[in-house]
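Starting from the given sequences, assemble the full structure and let the hints guide the process.
Chain by chain, the residues:
Number of protein chains: 4
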Amino acid sequence: MNRTMITLDELNALDDAGFVRALDGVFEHAPWVAAGAVHSRPFAAVTGLHAALMLVVRRKPQQEQIAFLNAHPILGGREAKAGAVTAESAKEQAGIGVVSLAGDEARTLAELNAGYLAKFGFPFIICARRHTRPSILRELRGRMENSVDQEVANNLAEIEHITRLRLVDRVTGAGMPNVFGRLSTHVLDTHAGRPAQGVKVELFECGAAGPQRLAEATTNAEGRTDQPLLANAPLRIGTYELVFHMGAYFRARGVIAAAQPFLDEVCVRFGVNEPEGHYHVPLVATPWSYSTYRGS
Amino acid sequence: MNRTMITLDELNALDDAGFVRALDGVFEHAPWVAAGAVHSRPFAAVTGLHAALMLVVRRKPQQEQIAFLNAHPILGGREAKAGAVTAESAKEQAGIGVVSLAGDEARTLAELNAGYLAKFGFPFIICARRHTRPSILRELRGRMENSVDQEVANNLAEIEHITRLRLVDRVTGAGMPNVFGRLSTHVLDTHAGRPAQGVKVELFECGAAGPQRLAEATTNAEGRTDQPLLANAPLRIGTYELVFHMGAYFRARGVIAAAQPFLDEVCVRFGVNEPEGHYHVPLVATPWSYSTYRGS
Amino acid sequence: MNRTMITLDELNALDDAGFVRALDGVFEHAPWVAAGAVHSRPFAAVTGLHAALMLVVRRKPQQEQIAFLNAHPILGGREAKAGAVTAESAKEQAGIGVVSLAGDEARTLAELNAGYLAKFGFPFIICARRHTRPSILRELRGRMENSVDQEVANNLAEIEHITRLRLVDRVTGAGMPNVFGRLSTHVLDTHAGRPAQGVKVELFECGAAGPQRLAEATTNAEGRTDQPLLANAPLRIGTYELVFHMGAYFRARGVIAAAQPFLDEVCVRFGVNEPEGHYHVPLVATPWSYSTYRGS
Amino acid sequence: MNRTMITLDELNALDDAGFVRALDGVFEHAPWVAAGAVHSRPFAAVTGLHAALMLVVRRKPQQEQIAFLNAHPILGGREAKAGAVTAESAKEQAGIGVVSLAGDEARTLAELNAGYLAKFGFPFIICARRHTRPSILRELRGRMENSVDQEVANNLAEIEHITRLRLVDRVTGAGMPNVFGRLSTHVLDTHAGRPAQGVKVELFECGAAGPQRLAEATTNAEGRTDQPLLANAPLRIGTYELVFHMGAYFRARGVIAAAQPFLDEVCVRFGVNEPEGHYHVPLVATPWSYSTYRGS
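Chains as they are written, first to last, in numbering that gives the first Met the number 0: chain W, 0 to 295; chain F, 0 to 295; chain S, 0 to 295; chain G, 0 to 295.
Calculated from the structure, these hints are not laboratory results.
Please read all numbers here as calculations on a predicted model, not as lab measurements.
Backbone N, C-alpha and C fix where the C-beta goes; we use that ideal spot for every residue, glycine too.
Take these hints with a grain of salt, some might be off.
The following label-pair restraints were derived from C-beta to C-beta distances [claimed, not checked]:
1. S/Ala-251 <-> F/His-277: 18 to 26 angstroms
2. W/Leu-213 <-> S/Glu-264: 30 to 38 angstroms
3. S/Val-254 <-> F/His-277: 19 to 27 angstroms
4. F/Gly-141 <-> S/Gln-211: 53 to 61 angstroms
5. S/Ala-258 <-> F/Met-175: 48 to 56 angstroms
6. F/Glu-273 <-> W/Ala-220: 32 to 40 angstroms
7. S/Glu-110 <-> G/Glu-215: 27 to 35 angstroms
8. G/Arg-193 <-> S/Ala-251: 39 to 47 angstroms
9. G/Arg-212 <-> S/Gln-211: 19 to 27 angstroms
10. S/Glu-110 <-> G/Gly-102: 29 to 37 angstroms
11. F/Arg-193 <-> S/Glu-9: 36 to 44 angstroms
12. G/Thr-6 <-> W/Ala-220: 30 to 38 angstroms
Over the 10 angstroms line for every Cβ pair with chain W, so calculated as not near, a few chain S residues [what the hints assert, rightly or not]:
13. Asp-15
14. Ala-43
15. Arg-57
16. Ala-117
Sample of chain S residues at the chain W side, in silico, Cβ under 10 angstroms [to be verified]:
17. Asp-188
18. His-190
19. Ala-191
20. Gly-192
21. Arg-193
22. Phe-261
23. His-279
24. Val-283
25. Thr-285
26. Trp-287
27. Ser-290
Have a look at this one:
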């Protein structure tokens, strides 16, 4: 996994075999994809390189596309556990925790995967880095209702997401694709008419097993966090909670005294549906009121 | 417990022994309290009757007050489990679930109670019907720091709450004390500019063991629930969550389509500190924003 | 104008000529309308009586309808000034101030009315009690673009509004039509977490000649005004301003001290488009923020 | 007035007479102020230069300070009209429009100025560039109630503001004082969940003679205006209105159709009290609701 980055210019300058080798693993067990794009060089943008690679796949007859899909591991399946997948795939599945799933959730996933494979004759593919576990299960259930044609298309669309992310991990240069989302917040104190400084903010991902904390920060003099709460990665499609410790903030400022204030830990539960989007979720609060919205 | 209600007029007309018998159990193992108020009759208001009874207690020397306190059971203690308490006390403690507490929470309560008794020489008393478990533990911890004088006063103040509620269960007539709180909500749809009809609203109490559902309702054409979410009882001091199913509402109206909307189950977490107050907690929402406040 | 009210039961019981006389003036110079509904008696509801009267008009051939329209005075025109209109019509036009219009606005109205009459061959009719001057001029300009058929229909629809209001002034009984709107407000102080008591609220109608004050009130302990700001009449279609004296309120409470606060007279400008609707326009405010919405 | 800027380094390097000449007019008819600071050179910051100059004034006995105050023109008075003031003073008074005041407002100002002069023996001084006409009249009325000592202090504080602004117009270098405020806005469309692009925003100053338009802009793709509405000058203390053309915006997007929408021109009236502050006044709106606050 400790590959060094390669520049787009270097990729353009490699001999054909070198180009194919440099992109090894971007498309799962499919060096023919890179080979098919060799003569489209030079590429002016990384987005153009990715489009050319996908075009090689999309131009194949459906039968070959299905064979290609069948070279992909089953999400959370035996190959992943046994290591018979690309390093990239192993890392991506580990990120979402699907390899280590246990109990009911693992059984559900295994059953749904088996049902999908039985129905379509190829595995369910999804870009795990853009999803949380609940959204993967929801997608799996929903896509089960589709036709073969729709699912070949859906799987290729997911492969487009997967390989775009892999390319960004591998190649640098002009025209990088937009693959990263961002989650930020801002706390306004409208009791005092100024940014709320010193508010502890926690971010949780809501899963079947309860909320899991992803980040914690304290607001600065501008009422913002010094860093976005999430950045430099796709925002996983799913449900989140921002918890703002407003009771502690207003108590520290002497505004409230009650052991049990009306607002203590203000919880904003929201969904992410655009992994590459910017979600700005501000809080405008007094000890007795608050509002929030999808801002910009 | 199947006492029939008695009117204030009837109480005023009873002979002395009858008056004392009629109020049996209002003050724990203390018929002398009612006996001390016999000659203050007739009472024009139930609030006046209660004040007169409390005055009998408050006029006693501290030593006798402490003896009176010692006639009260330990919250969640052995007497409660063994039934050696008044029927009223048993019922009140069961309501909060303290008798059936198990594991860590029961052990913590027992230890704190024992510490309190050891320090002050009388048991910790609290009006359980005005509290949730977390607020009882918080009170117990906080009051442990006080002086004996403060705790005699705090215990008598709690007995005032306890007996006021018991009186209201027993006597009816002019001048009833205000012992009941109310929790209501209202959902406004500012995407469409009208009350949100058909929104499922759930109310949870937040405890150490996670949220426990207390009520569920669906908003009517006015965006309100036909009945208050809580009423006809004190609102227990504690933390609550209102969950508004806005995603389902806006989806049903064709406003949103995404499987993962920005706002789905909108959660408003708030604290109750005035058991006899009116908490109106409205939601003003679009698919992309909401605000809430303590209204009236 | 000092007619006494008549009940629907009495109307039903009158002889035919008496019925026609009793409704004299409801339809402008058109006793044949009441005469045409004589045999539809008895009416169970005032709404039914009104529907029957309108049906008599709507069943006439267009030529007769146009003759009927021509019996109506020109809004703000010479007949109105000379008194050659029904007492009802005179009163209605005076309410909106169109008779006493002077200068540019009167000239504009006269020119538009003349243009309308020249184009369609019958006068522009509008239910003046449901409109402000700016909305009358806007309607006049907009309707000028229509066909004769559309304008016969629009004029009859306005006559339906006019006569419904006249009926309500004349007849009482079961099934009264809904002709009155209501404008109310509510001020919440989310700095203190309670209704804002003692806030001076002013209501203005915005016209070409600047805002004209319609009502003033002070909020009570519930943060509401004792009476609705407008009621017992249609709300005139138009633009309004509510001015909330929040600076004075927060200064009186010791919350702010500056001679020039951030929020002093909070102005909420809004439009009314449903004369028979309920407009509830609350203000949720701190010294540094406010929100408003069409509530219910 | 067409002076070229001088750098702080150049000022430090001038001979004494050159230094005094370079600062001519910063302090009204008082070259002795600059002369008194000659030997404090070199200055490391423009703020330090200004502080040194003010210190020269503040160290004088009150009698000499009063003589200095008497060298200042009366605001809107005869000298200003006749040109017997420094070019700086003439320009500043013209900016606020006080020289060209006519009718009632001019008479009121003249009477108040005369009353002030009669009471204190020196003219009322105020930094006109930090004020609107209403705030000048309010200050004049309010300060009339003070003692001589307070008014010497208040006048010197105003001279500190005046001369700070004059220095910034004259000298550039390290450590510039903060003399400019900023007014910005931001429009969020929570009906669609995105920044509101293409909203026309107008800014008015509210004076006795009605609102006067100061700026107009249209929001960009971020919902902001490309430039702040006010910048590069002190924000004049006073009352303002922001008018957001939300009706046109929502109509253009097909969200509303009514000729008379509930919200058309949304008016936010607010006060400025900190001329050097940043006022961010956002609007979060749907066709049926909006909120605003002092943001950051």
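Self-check item: Violating hint indices (sorted, rising)
Solution: Of the numbered hints given earlier, those the structure breaks are 2 and 23, listed in rising order.
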